[in-house]
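**Q** Here is how the chains run, residue by residue.
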Amino acid sequence: MMFTVIIGVYLTILIANMGGYVDTIMRNEIRDNTTQAILANPNYRSLSTEAKAQLIQTKIATEINRLGLNQPFAVRSMRYLKNALTLNLGRAINMKSDQGSKEVRLILLERLPATLLLTGSSSLLLFFASVYIALSLSRKYGSFWDKIMIAFSPTSAAPPWFYGIFLILIFAAIFRILPFGGLVDSPSPDNPLDYGLSVLKHLILPASAVIISSVFISIYNWRTFFLIYSSEDYVEMAKSKGLTPRDIERRYILRPTLPTIITSFALMLITLWTGFIITETVFLWPGLGRTLFSAIGFFDTPVIVGSTIIYAYLLAITVFLLDFVYALVDPRVKVGSGSGGSK
Amino acid sequence: MSAFRNSIRDLLRYPSAILGSVIILFLLAVSVYALVTIPYGEAVRLWRGGEEVWYQNPKYAAPAWFNYFSNKKQPVSFKVNSTDGSMLKTITPSSDPNISTVDITYSFDYAYDGVPQELMIYFTSQFKEKFSFVSVSWITPDGRTIRIADMAADHSLTFRFSQDQKLQKRLKTEDVMQAIFVDPNSPTQAPLKGQYQLVIAGTTFEKDATIDAEFVLHGELFGAAGTDKYRRDLLLPLLYGTPIALAFGLLAALGTSLLTMVIAAAGTWYGGWLDELIQRITEVNLVLPFLAILIMVGTFFSRSIWLMLSVTILLSIFSGSIKTYRAIFMQSKESSYIEAARAYGASSSRIIFSYLIPRMVPLLIPALVSSVPSFVFLEASLAVLGLGDPVLPTWGKVINDAFADGALYQGRYYWVLEPAILLMITGFGFAMLGFALDRIFNPRLRDI
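Protein sequences appear in the order of chains A and B.
Every letter in the first sequence is one number past the one before it in our numbering, and letter 146, counting from 1, is 271.
Every letter in the second sequence is one number past the one before it in our numbering, and letter 215, counting from 1, is 1665.
Think of the hints as simulated: they come from the structure by calculation, not from any bench.
Just so you know, not all the hints are guaranteed correct.
Listed next, the stretches of chain A that the computed footprint assigns to chain B, with coverage defined by at least 3 CB atoms under 8 Å from CB atoms of chain B [said to hold, decoys possible]:
id, stretch
1, 296-310
2, 402-412
Estimated spans, in silico, between C-beta atoms of each pair [said to hold, decoys possible]:
id, chain 1, residue 1, chain 2, residue 2, range
3, A, SER419, B, LEU1704, 28 to 36 Å
4, B, ALA1854, A, SER313, 45 to 53 Å
5, B, PHE1516, A, PHE423, 33 to 41 Å
6, B, LEU1475, A, PHE269, 48 to 56 Å
7, A, SER419, B, GLN1645, 26 to 34 Å
8, B, SER1754, A, LEU210, 26 to 34 Å
Backbone N, C-alpha and C fix where the C-beta goes; we use that ideal spot for every residue, glycine too.
Given these sequences and hints, build the entire structure.
**A** And the structure:
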């Protein structure tokens, strides 16, 4: 698992450095740091401008040597890999965190909670709503609602931001009942309760956009699963034993299908991560995706590379978590027996 | 061939398949029309053109068909020109061979409930030394004649009604449009409906001198699709975006699914380290942030749509579907017809391409059709992030421009909705056809 992440991050670095951009980031950082250190040092204040410039040049050269920027690429890329894995992502060119820091790590970590709030809430809601609706539809196979759901399933071809546009249009622009975007009202309320409510109000539209874009296809797929499994012999057997439909569903249909469903949910979640970047942009949600978007605007290469690495981490964590859940629900996979939880 | 005919017949049993196919055929027809009527270079020139190309169009004009749905009729923009005969031009020579009078008139019916944004006349005049002279007057439906301007026409001269200070002074108001379209005695201050006439009386003072005029009315509405912030006719990106979206979607879907299939087949057939390697690559690819990498490539290297297309295909080959294909290939690898092929000494590549892959075509086709929308939307998503191809007019670009200008906030819904609805239609067309195909080719799903 860890190995996969390392290779993933390494590939990301390779792609980023194809144009020598990581090198540029490093050189710029060294230049900034050394120049500032020398200009701020009171011991050097008495030196003339030329002497200072000379000193800066030599210092930069030593620093580049020390950090191994003139080493062959294979060696250098390993160093970058170590930096990336330890989240040592360098300094941004133009962007700043809200605290005013230029550390890419701080800029990105500051945005992380907002992204996690949006992804977490919407994907959990999506999962439980889909399972619940799919189960109840499989019970009433061929009914009116069942047909409606099938008819709607092609709508999942569109990504969340696309529905976001329509939701903004309807609820923000025409009815003006929900905000256009952002995380909280401005100015933000002091009282924590009001603050929470305000965030909740802003969360409704982006979360619904995400849910609408995926709910129909997952209901359709899972309903099909449930239908296939509910014609198994042991389900018929349970029915003839006179168990309640609730028990049959929980113990005889949901239990064996859950691992498959979780796998398909994992794949969907991985595609959704991509969708969140633009959803955040469309809803002005101050998360990682929006930071990445503004980094494109500023052409802030360290931030772009940094957020790509963070996204790689997030994806890996998602895969890991779902592996873990998989092991919990599937008794055939034992936790600790090698596969699954090997971190 | 008869199998093919059977599939077509099966397909026609599904209304969603028929609707999907009709939509796809329609989009193909639009693409062909767009590519034939607007050559590539011309499309790029128009799309990148500024004021000099689009001066005849108003800014932020909604489409003209808005009037059909509204009680309050908004003025629709138009332009007429004396060179192509849409304005009446008569030349009367006088007794002096050097002097002749040129009368250009244009009458139009105005039945709208609002005044236009602006009226403009672009004069072009040819002469050697002596300037031509023009005087412009305006005749309202109730018969009043308003003197607009008298001036010497240079080789080219632009006259804007609202910005002419002499006219403002003469009409004693800064709102020229209000003054020339509204009866001063009317209590409602609504524009007078009826036939207006623009009369340009010109005089030339040289033998071969000419005067021509182009009259442009900037209304609140324009054409079939409206215009954007830069006065560009939105019909251009809407039309031209169709072939681009289809090409991107189809090429990406075709490339991805074919390559995935070949790699999965090769992996299962040869087994061993190759299979292992493919599986590991798939796992790594799962944690690679696809869009973020595309963004990185777009920012650092090039935003060309072809580069984006190749990176998209590269990153999508090792997707989850490789595992599905692998499972099925594993089964068919053991079947007796493969054994027969092996017995007569078929080479590995022959077995892969002639025996293993053709078996998968029924699975491949629905997957291919269903994956087209995601790639069409991907192209739009990139454009929305500002990473669209810099020279091509695409649907995503229009949405991006609209968002950058706060179109939803300002109530210019048409600007966002037109490309969005086209995207939606394209997506649904392919998705519906894909669903129906899936049911036909996977009989297990047919009765569910």
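**Q** Against each hint, give a clear statement of whether it holds in the structure.
**A** Right, here's what the structure says about each hint:
{"no.": "1", "hint": "296-310", "in the structure": "holds (count 3)"}
{"no.": "2", "hint": "402-412", "in the structure": "holds (count 4)"}
{"no.": "3", "hint": "SER419/A <-> LEU1704/B: 28 to 36 Å", "in the structure": "35 Å, holds"}
{"no.": "4", "hint": "ALA1854/B <-> SER313/A: 45 to 53 Å", "in the structure": "26 Å, violated"}
{"no.": "5", "hint": "PHE1516/B <-> PHE423/A: 33 to 41 Å", "in the structure": "38 Å, holds"}
{"no.": "6", "hint": "LEU1475/B <-> PHE269/A: 48 to 56 Å", "in the structure": "31 Å, violated"}
{"no.": "7", "hint": "SER419/A <-> GLN1645/B: 26 to 34 Å", "in the structure": "54 Å, violated"}
{"no.": "8", "hint": "SER1754/B <-> LEU210/A: 26 to 34 Å", "in the structure": "32 Å, holds"}
The structure fails to meet hints 4, 6 and 7 from the earlier list, while all remaining hints are met.
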